[in-house]
Each structure stands twice: as structure tokens, then as C-alpha cells.
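These are the residues of each chain, in order.
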Amino acid sequence: MSTITPLGQRVLVKRLQAEEISAGGIVLPDTAQEKPQEAEVVSLGLGGKDEDGNTIEFSVKVGDKVLISKYGGTEVKIDGEDLLILSESDILGIVA
Amino acid sequence: MSTITPLGQRVLVKRLQAEEISAGGIVLPDTAQEKPQEAEVVSLGLGGKDEDGNTIEFSVKVGDKVLISKYGGTEVKIDGEDLLILSESDILGIVA
Amino acid sequence: MSTITPLGQRVLVKRLQAEEISAGGIVLPDTAQEKPQEAEVVSLGLGGKDEDGNTIEFSVKVGDKVLISKYGGTEVKIDGEDLLILSESDILGIVA
Amino acid sequence: MSTITPLGQRVLVKRLQAEEISAGGIVLPDTAQEKPQEAEVVSLGLGGKDEDGNTIEFSVKVGDKVLISKYGGTEVKIDGEDLLILSESDILGIVA
Amino acid sequence: MSTITPLGQRVLVKRLQAEEISAGGIVLPDTAQEKPQEAEVVSLGLGGKDEDGNTIEFSVKVGDKVLISKYGGTEVKIDGEDLLILSESDILGIVA
Amino acid sequence: MSTITPLGQRVLVKRLQAEEISAGGIVLPDTAQEKPQEAEVVSLGLGGKDEDGNTIEFSVKVGDKVLISKYGGTEVKIDGEDLLILSESDILGIVA
Amino acid sequence: MSTITPLGQRVLVKRLQAEEISAGGIVLPDTAQEKPQEAEVVSLGLGGKDEDGNTIEFSVKVGDKVLISKYGGTEVKIDGEDLLILSESDILGIVA
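Protein chains in written order, with the UniProt record's numbering: chain S, 1 to 96; chain B, 1 to 96; chain H, 1 to 96; chain R, 1 to 96; chain Z, 1 to 96; chain D, 1 to 96; chain E, 1 to 96.
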């Protein structure tokens, strides 16, 4: 199986299908111009550095369900799965 | 019930309906091109970091009634409620 | 009565009507493309932070008559008064 | 008489009329697309702060004749005089 | 044989042909507007400097298979091979 | 005679006429879209400040023949001479 | 003979003609939208300064064959030679 390790402060996420979205949970209105989407964090990147050279920690962890901006990131298909590489700053929040 | 924890210096707010707006309070003129709206802070984000790595504190707290820019933030519906994830910098002021 | 506490380095001001403008004072030419306007500072915001985390002091105080850029800020009506929330950097000067 | 104290690193200047421009002095070509203009510094602002919180000193002083960019600043008329509030960085040079 | 040493935080990569792409591996969807492409790192640049003058280390090494943005970099042909000089920040991730 | 002291990291230069350009010297091609021009430095500005408050030294000195970008700077005529006030960063090089 | 000393982090380069390009070397594809070009470094600039006031060293030296972006820099003809003044950051790599 192939894997991708994102560079810098990027993460790899898998978009969640309708049936995977938490019951009673989040419904995205049809009318919103930029709909966020639910996704699951698959892997974290190598991490960026702050001005003092320390690695910046990620605020999300593998397995987190997250809301992402609809148009952020770059699509890539790995072993048949639709994945997205996107900057952590394009993640709006963690769903619990 | 689902919850969302916003990332970074973002907050989750609920737009207030007309009947919820404080009596004798704030009336937004129809003619203003960018009308601010009243909303209530539902939850705070994980917080951003300043250049020294210290967490930046939020100026608003859960339950605060706030004025927000009409076009800021991203809409999301959770358990039937219309909510917005927006950057704290898009909050104009706290209503009391 | 409702009050608004602006966030960060913003201030709340009230536009001055013609009769309130200081006699013998400032007349704004009709031909200027961007006319500044006289206003009075109603309240100061919570204050921004500089890079060392110290609160930045305001250069204006409550009651100051100020010249503001015509198109700066966001209009809001509180208890029947037309007010503006604007960044202190949009204040051109203090009138005395 | 009214006065204006500019905020930050702004200055208040008075455009010089043709007869006030120094004899044998500066003639601005008609063909230049952005003609600088001669003006006299009327008052200095409160001063900006550098990153260490120290006040930045002005390079001009009250009474200096200066060349200013034609389209910089905001016009204001005080006690019948045409004045301009402009950022010190919009002053090209001091005329002597 | 000619070689190119990229300047700064740039790397030299060789686009991988279809037959070279890891079996069972990554398939890029035809519908994606900006398709990333697989490439192999041929050489690293001289390295950039951070604010303290220390060399910034590369996150990739020679021989790494990487995903790159389709439109990033500048094409150059060396000894018959199609190569790209691109900024390391245009590399999305490392494929393993 | 009038003089101009440029503010900050600006310099005052005089465009050189064809007959003044160094013999055997620089010929600017007619086809170049942005032709640099030869000019002579007439006076230096007051100097800018770096982040530590130290004056930034000029790389050019009065009398230097320099190549300047054709469209940089602001034209001004002093005592019948065509001069330009321009930022030192708009000087491409020193001609010797 | 005239010389030009570039200001700051600029270098002076001479475009290489077809016959001068290293045999067996680099061929630039006709279809590339932005073709890099081979050039030789003729002289280095005075050097820029980093935030601590130290001179930034050049990564190229006089005589280096370099790949440059086709549209970077400013053309100038000195003693009959076509030369370019360009920022070192517009040099993609060193050819060896």
C-alpha cells in the first residue's frame, strides 16, 4: 500500500461520505456559497518550523473528524481512496 | 449532540433572531451596505500562538453577545442550529 | 441602555451633526473626493497587543472630537443614535 | 481658532500658492504625470511607535517647506485655510 | 554530462512516467483541476538561510518520490531528460 | 539657488544627456521595453532607519553615475534643471 | 571600457549564445512557456544586508554559468555586449 507524508504544516485527509457523517450531526445547508465538508485526518505532515526553529505542533491528530473548506487542498487518489492534501490552516474545526 | 471545536483564533457563534435581540437595543439601519449582525458566542477555538509560542487569549467568552460582520465566517448547521465559524478578528464588539 | 465594547484597537464614535461642529471651525470642501467627517469618541475598545504582549495605548480618549475618513468603519444604531465602530488607524486627527 | 493634531506619523501641511513659492526656485513641469507640490508643515502628529515602543521622530519640523505627492493625503479646510493631513512618508523632500 | 545545482531552497526533480509510478499506487483523477504529479528528486539546492543565518535543511532527499503541483517550477531539459527546478514549498508530500 | 533634501532612503539625481554619457560606454538598446537611463547623483536623502534604529548607509554617493529604471521616481525641476527624486532601491547599478 | 557595479543583491550577467552553450548540455524545450536561459555571471553587486546588518553572501561567483528566468532583469548594452542586471533570486541554478 502506498502512503504519502505531507510536507510542512500540511495534513492528509479523507472526505467522509454521507453515510459516515455522524448521526444527528452536522447538516450543511444547500444555500451556503462555500460549504465546509467533513473529513477524517489520515496522516500529519512533517511539521513546519517557527522563527526559533522549533517544530510547530499540529492541533489535529490522526483519526480526528474535521470540517474543511470545500475548495481547499489538492486532490489525490491513493489505492483507490479519494484523499486531500491541505494546509492545517484550511481546517475550520474538529467535530466531536 | 455534535460539537465543533474551532481551530486557532476562531470562534463558533449563533446568529440571534430578531426576537432575541436586546429590547431597546441595537437597530441596524436598512441602508448600511455592510450591516453587522448580533450573535452569541457558542464556543471558543483552541487558540492561536504569538511569536513566543504563548497562547493568545480570547477577548470574548462563551455566552457573549457580539456584533459580527455580515459576510464574515463560514456557515455550518449543527443539530438543526445555524452556526458560524469565524475568526475572532471579524468580531467588531461585545454588546452589553 | 445598550452599550458596545469594541474589540481590539477599535473605537466607537458618534458622527457630529452640522450644528454640533465647532463654530468658526472646520469646513469640509464640497469638492474633496474623500471628505473627512467630524465625530466624537464614545468609547474605546479593549486594546490590541504589541509583539511583546503589552497593551497598545489609545491616542484618543472618550469625548475627543476627531476627524475620520468618510468611508471607514461600520455603521451601527444603538438606542436611536447613529454610531460607527472603526479602527483607531482610520482616525486622521484630533480637533481642538 | 480650531486646531488639528494628526494621529500617528501624519503631519498637517498647507499647500503653497504660486506667489509663495521660493523665487528662482522650483518649477514643476506641466508634462509630469504626478506633479509634486510645495507645501509648508503646519503641525506634526502624535508620532508612531517602532517595534520597541519608542516614538519615531519626525524628519520634518513645523515651518519646513516640503515637496509632497500631488494625490497624497486628505483635504480639510480649517478657519478658511486649505490644509492636508498626510503621512510623513508621502513627503518627498525638504526644500531649502 | 551536465548538472544543475539549484539556488536556494529549490530542488531539481524528474517527472515520473506512467510505467515508473509505483504499482498499486497513486492514481490521479482525470477530473481534478490541478493534478499533482509524481516526480523523483534528482538534486537539492544550495539551501536558504533563516533569519539567524543558519541553513534551512531540506525535508526531502535525493531519490525521494514526491508529489508536486502540476504547474509549479520551471522546465529544463538536461542531457535529454525532462527536469524541473522548483521550490521545495511546491512539493506537497513524499510518496512511500 | 534652491536645494531639495530628500526624505528617507531617497536620492536626488539628474538625468544625463546623450553628450554627457561616457564615451565608448553604455548604449541602451531601442528594443528594450524598460530602458534604464544614466543619471548622476546630486544629493542623498536623510537616510532610513533599520529595525534597531541605526541609519542605513547609502550605497551611492554624490557624483556617482548610476543606471536608473526609466519609470521610477518623481520629476521635479529646480533652477531650470530636470531632476528626479527616487528611492535608492530604484537604482540598478553604478557606472564607472 | 565601462563597467557597472550592480546595487544590492543584484548581479550582472551575459546571455550565452547557442554556440557557447555547453556541448551535450542543456537544451531548452520549444514548448515551455517560460524558458530559462543560460548566462554567465559577469560581476556581483555590492550585496544586501540581513536584519543584523551583515552582508548577505552571493551563492554565485563571477564566471559561473547560470540558468536565468527568461523575463527577469533589465537589459543594458555595455561596450557592445548585451548584458542583464538581475536579482540573484532570479537565478534558478548553476550549470556545471
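Quick caveat, the hints were computed from the structure, so don't treat them as lab data. All of these numbers come straight from a predicted model, not from anything done at the bench. Heads up, a few of these hints could be off.
[What the hints assert, rightly or not] Okay, derived cross-link-like pairs now, DMTMM-like style, lysine to aspartate or glutamate, Cα gap no bigger than 20 Å in a straight line: (1) Z:Lys49 - E:Glu57; (2) B:Lys49 - H:Asp52; (3) R:Lys49 - D:Glu51; (4) Z:Lys77 - E:Glu75; (5) B:Lys49 - S:Asp79; (6) Z:Lys77 - Z:Glu51; (7) B:Lys14 - B:Asp50; (8) H:Lys49 - R:Glu51; (9) Z:Lys70 - Z:Glu51; (10) R:Lys49 - H:Asp82; (11) S:Lys70 - B:Asp50; (12) E:Lys49 - S:Glu51; (13) E:Lys49 - D:Glu51; (14) H:Lys49 - R:Asp52; (15) D:Lys14 - D:Asp82; (16) Z:Lys49 - E:Glu51; (17) R:Lys70 - D:Glu75; (18) S:Lys77 - S:Asp50; (19) D:Lys49 - R:Asp50; (20) E:Lys14 - E:Asp79; (21) S:Lys77 - Z:Glu51; (22) H:Lys49 - D:Asp82; (23) E:Lys14 - E:Glu51; (24) D:Lys70 - E:Glu75; (25) B:Lys49 - H:Glu51; (26) E:Lys70 - Z:Glu40; (27) S:Lys49 - H:Glu51; (28) D:Lys70 - E:Glu57; (29) H:Lys14 - H:Glu81; (30) E:Lys49 - D:Asp82; (31) H:Lys49 - B:Asp82; (32) H:Lys77 - B:Glu75; (33) D:Lys49 - E:Glu51; (34) B:Lys70 - B:Asp82; (35) H:Lys49 - R:Asp50; (36) S:Lys49 - Z:Glu40.
Please flag the earlier hints that this structure goes against, numbers listed from lowest up. Numbers 4, 5, 6, 7, 9, 10, 11, 18, 21, 22, 23, 26, 28, 30, 31, 32, 36, in rising order.
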